[in-house]
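Q: Sequence:
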Amino acid sequence: LKPETFYEVKMSAINGKGEGESSTPLNFKTEPVLSSVTPTFIPSTSAALKGEPSPPKLEGKLQTMGNAL
1 LKPETFYEVK MSAINGKGEG ESSTPLNFKT EPVLSSVTPT FIPSTSAALK
51 GEPSPPKLEG KLQTMGNAL
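Following the numbering used here, the numbering of the sequence shown begins with 1 at its first residue and continues without gaps.
Honestly, the hints are just simulated from the structure, not real lab data.
Predicted, not measured: the structure shown is a model, and the values here were computed from it.
Think of the CB as a built atom: it goes at the ideal place given N, C-alpha and C, for glycine as much as any other residue.
Wrong hints could be hidden among the right ones.
[To be verified] Derived DEER-like restraints, expressed as beta-carbon distance ranges:
1. Leu-34 <-> Ala-13: 12 to 22 Å
2. Ile-14 <-> Leu-34: 31 to 41 Å
3. Val-33 <-> Glu-8: 20 to 30 Å
4. Ser-22 <-> Leu-1: 15 to 25 Å
5. Glu-31 <-> Lys-10: 29 to 39 Å
6. Leu-34 <-> Phe-6: 13 to 23 Å
7. Val-33 <-> Ala-13: 29 to 39 Å
8. Glu-4 <-> Pro-25: 12 to 22 Å
9. Pro-25 <-> Pro-3: 16 to 26 Å
[As the list claims (entries may be wrong)] Straight-line distance between alpha carbons at most 20 Å, and here's what the computed SDA-like set of lysine to any residue pairs gives:
10. Lys-2 <-> Ser-22
11. Lys-2 <-> Ser-23
12. Lys-10 <-> Val-33
Take the sequences, apply the hints, and build the full model.
A: Right, dumping it as structure tokens:
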């Protein structure tokens with residue numbers, strides 16, 4: 001997944017009888033990448049920031065009456 005990108009997800013079950021009907025599409029946008037920033041002060045009137053961005057993540061959970069993302 002890419003940060004700040006729109007996606008559409010549909011789910012369906014696949015078993016020995018084939019593929020089931022797809023769910024209603026769920027649209028979502030991933031969040032922006034957040035940096036773990038460490039300020040580095042150069043002179044007293046300026047500062048530089050260094051850090052690595054945190055990767056975007058998709059969280060999901062199964063529910064007894066369906067699925068949720």
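Q: Next, verify each hint and record whether it holds.
A: Cross-check of the supplied hints:
1. Leu-34 <-> Ala-13: 12 to 22 Å: At roughly 35 Å between Cβ atoms, Ala-13 and Leu-34 fall outside 12 to 22 Å, so the hint is violated.
2. Ile-14 <-> Leu-34: 31 to 41 Å: Taking Cβ atoms as reference, Ile-14 and Leu-34 lie about 36 Å apart, which means the hint holds.
3. Val-33 <-> Glu-8: 20 to 30 Å: 21 Å, holds
4. Ser-22 <-> Leu-1: 15 to 25 Å: With a Cβ separation near 20 Å, Ser-22 and Leu-1 satisfy 15 to 25 Å, so the hint holds.
5. Glu-31 <-> Lys-10: 29 to 39 Å: 22 Å, violated
6. Leu-34 <-> Phe-6: 13 to 23 Å: Between Leu-34 and Phe-6, where Cβ atoms are some 19 Å apart, the hint holds.
7. Val-33 <-> Ala-13: 29 to 39 Å: For Ala-13 against Val-33, whose Cβ atoms are near 33 Å apart, the range 29 to 39 Å holds.
8. Glu-4 <-> Pro-25: 12 to 22 Å: Holds: the Cβ-Cβ distance is about 20 Å, inside 12 to 22 Å.
9. Pro-25 <-> Pro-3: 16 to 26 Å: At 21 Å between Cβs, range holds.
10. Lys-2 <-> Ser-22: 24 Å, violated
11. Lys-2 <-> Ser-23: 23 Å, violated
12. Lys-10 <-> Val-33: 25 Å, violated
Of the hints listed earlier, those the structure fails to meet are numbers 1, 5, 10, 11 and 12, in rising order.
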